[in-house]
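> Taken in sequence, the protein lines are chains A and B. All residue numbers for the first sequence refer to the numbering used here, where the first residue is 44 and numbers rise by one. All residue numbers for the second sequence refer to the numbering used here, where the first residue is -2 and numbers rise by one.
Be aware that one or more of the hints could be misleading.
To be verified - Straight-line distance between alpha carbons at most 20 Å, and here's what the computed SDA-like set of lysine to any residue pairs gives:
#, chain 1, residue 1, chain 2, residue 2
1, B, K199, A, V204
2, B, K188, A, F215
3, A, K95, B, M5
4, A, K87, B, A191
5, B, K188, A, N307
6, A, K95, B, A195
7, B, K183, A, I84
8, A, K274, B, N182
9, A, K98, B, W138
10, A, K328, A, E186
11, B, K199, A, K64
12, A, K64, B, T137
13, A, K274, B, A191
14, B, K199, A, E186
15, A, K274, B, A195
16, A, K87, B, A(-1)
17, B, K63, A, E145
18, A, K201, A, D222
19, B, K199, A, V209
20, B, K188, A, D210
In short, the hints are calculated from the structure, not lab data. As the structure is a computational prediction, the values presented were derived from the model and not from experiment.
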Amino acid sequence: MKVDLKQVEEACKELYIRALKVLPPDIKQGFERLDKAESDITGKAILGTMIKNIKVAEATDNLLCQDTGIPIYNVTIGANVEVDGFGLKQAIIKGCERATREYPLRSSVVHPVTRRNEHTSCGRAVPVINIDFVPEAETLSIEMIPKGSGSENNSWLKMAVPADGVDAIKTFVVDCVLDAGGKTCPPTIVGVGVGGTADLCVHLSKVAATRPLGTQCEDAEGARLEEQLTKVVNQLGVGPQGLGGDSTAFAVHVETAATHITMNPVAVNMQCHSARRARATFTPKGLTYGF
Amino acid sequence: MAHYDFNMPVTEEQVRRLRVNDTVTLNGTLYGIRDATQIHMFDRGRKTRFDLNGHAVIHTAPNVKKVDKSNTYPAGYAPICIGTTTSDRMERFTRPLLSEYGVRIIIGKGGLREGSLGAFKELGGVYLAIIGGTAALETTWIEQIEDVDLDDLNPESLWKFRVKNFGPLLVAMDTHGGSLYTQVNKSARDKRAAALAALGVKS
């Protein structure tokens, strides 16, 4: 399958706008589940307003949240897909820039030192583009995630040591949730990276935080941690917006990687309740949009 | 738990009457302010031509569309999506907003710290919690972008909005030393030991 880069550019523009407007079904179901179980009056009222906002955004064709985030594009390329890799990256950047200028969206991206905003949502190494290769022969998939800063500003890495064991991982996650309080716009998806190198560990925490609700870590050890931690962080009472309640996190997601005999790294990255993502899938049958 | 409707601006006496868990709905003028706006106002000596005395500021940087100036769009901006950002980063600007500009109300999400709570008590101000991430709804409460200052910082300009039935917002920090964030944080930290024990963590 040969990929038309002009079509990729259009899709990358469309994906940014779509992601900002409509939440994926798994997140909407997550809200329903939390709303049913919430016992705190303030927490329940806040969840109700969040659910109302999802409906207002769809009814008024507006953005869910003002934060257009840092744009992330996750690309997976199948074995028989024929594509110019450099051209693909340029098409993604162009699509991102066009969404920002043409819609127009607030560009939330600035130079880290001068703080200059080019009003394109782009800059050095941004959008973030992750590329991976998958066995599905005739498929190119692009997932777009506008990552909000309220949650991204609450990211942590701890290079614990083997002697600290899994207790260090569990303690760290609980402490991160306590430190975050209401700043991350809870209820959140708490993403936990376990193992790897320092940078891989942080990357895994982002993969975990942006994984669909209802999915499990493929590593049984990670899945066990997910189950235990999800239950416990929701007993802390931080609640929606940090104003108290049962609904602190939709879930704790864990991703693992092998690590060094001397290392025990753990990272936490959170996704806010506006857990936005959109996906474009190119196959020989054409282009389809989804989540 | 009383409800108050405020036509902006308000007096010190009006905000001192508020207690945490009360609710407030605003009408009239609301100013939008953000990290860069306050860095320039308080660290780089820039001044605004707006009179913020007795007014409310909201931690925001909106999505707007540049349009021709008209009666509907007097500032040359149409609102697209206006929401709220995390307040904590702007903690150190609470005191000068109150002492130098006479601001009475700060609206944001996630709360402010002890320093702000002290400033609210001493100088007469409150923090109203709005629900973060609900910008589509919040935008329906904004009637117009009336004016804009320090617009070279766009989108982190100082925005003057006209709002209608903006709320209800929750009084989360008051002039009597009350803070819902402090209460919830303390209560959550008190549960830390039990949480770790439930996870089988050896103390």
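> Between the alpha carbons of K199(B) and K64(A), is the straight-line distance 20 Å or under?
45 Å, violated
> Given the hinted pair K64(A) and T137(B), is their alpha-carbon gap at most 20 Å?
Holds. K64(A) to T137(B) sits at ~15 Å (cutoff 20 Å).
> Would the pair K188(B) and D210(A) pass a check requiring their Cα atoms to be no farther apart than 20 Å?
17 Å, holds
> Are K328(A) and E186(A) close enough, with their CA atoms no more than 20 Å apart?
19 Å, holds
> Within a Cα-Cα threshold of 20 Å, do K199(B) and V204(A) meet the stated pairing?
16 Å, holds
> Are the Cα positions of K95(A) and M5(B) separated by 20 Å at most?
Not satisfied, since the Cα-Cα distance of roughly 27 Å exceeds 20 Å.
> Take a quick look at whether K183(B) and I84(A) sit within 20 Å of each other, Cα to Cα.
Given pair K183(B), I84(A) holds - Cα atoms ~19 Å apart, limit 20 Å.
> When you check the alpha-carbon spacing of K95(A) and A195(B), does it fall within 20 Å?
35 Å, violated
> Hint check: K188(B) vs N307(A), CA-CA at most 20 Å. Holds or violated?
26 Å, violated
> Given the hint that K274(A) pairs with A195(B), does the C-alpha gap stay at or below 20 Å?
9 Å, holds
> Quick one, are K188(B) and F215(A) close enough, alpha carbons at most 20 Å?
Given that 20 Å is the threshold and the Cα spacing comes to 15 Å, the pair holds.
> Holds or violated: K98(A) with W138(B), Cα cutoff 20 Å?
16 Å, holds
The earlier numbered hints that this structure contradicts are 3, 4, 5, 6, 11 and 14.
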